[in-house]
Amino acid sequence: MALVPIPEAARHFDVSAPTIRNYIGRGLFPVYLPEGKRGGALVDIDEAAAALAEHGLPKPYAERGGFGPGAQVVRLAHDAAATLPPMSDEQAARAAALLRAGGAR
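Under my numbering, the residue at position 8 of the sequence shown is numbered 56, and the numbers go up by one with no gaps.
Think of the hints as simulated: they come from the structure by calculation, not from any bench.
A virtual CB, placed ideally from N, CA and C, is assigned to each residue, including glycine.
Just to be clear, a hint being listed does not mean it is correct.
What the hints assert, rightly or not - Each pair of labels, with its calculated beta carbon distance range:
#1 Thr67 x Leu146: 22 to 32 Å
#2 Gln139 x His60: 46 to 56 Å
#3 Glu102 x Pro66: 15 to 25 Å
All chains, full assembly: derive it from the sequences and hints.
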């Protein structure tokens with residue numbers, strides 16, 4: 049039994065925490081509430097994996113088009129963003145103009 053908090057289970061399956069709670073509410077797998085702890089809901093990763101394999105694991109965010117059907121989503125390692133170079137003044141100004149205009153068109 050590998051008990052983890054709901055947010056960690058969500059990251060493991062690349063879904064949202066509300067999706068995990070939805071599945072718990074549908075009775076696909078149980079939630080464990082340790083006595084005396086508030087907000088300490090836990091999920092057994094192995095039970096969740098078995099239930100999701102049986103019922104079909106939802107597609108990860110990127111595959112569901114969460115950013116739009118033409119989006120190119122590149123997954124970065126947790127600390128990769130820290131190694132990205134800063135934007136130039138021109139890039140920052142262009143990004144600000146796009147935001148003011150309501151995004152790229």
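These are the hints, each one checked on the structure:
Judged by the Cβ atoms, the range 22 to 32 Å given for Thr67 and Leu146 holds: they are separated by roughly 31 Å. The hinted range of 46 to 56 Å is not satisfied by Gln139 and His60, whose Cβ atoms lie roughly 35 Å apart. As the Cβ distance of Glu102 to Pro66 is approximately 21 Å, the hint placing it in 15 to 25 Å holds.
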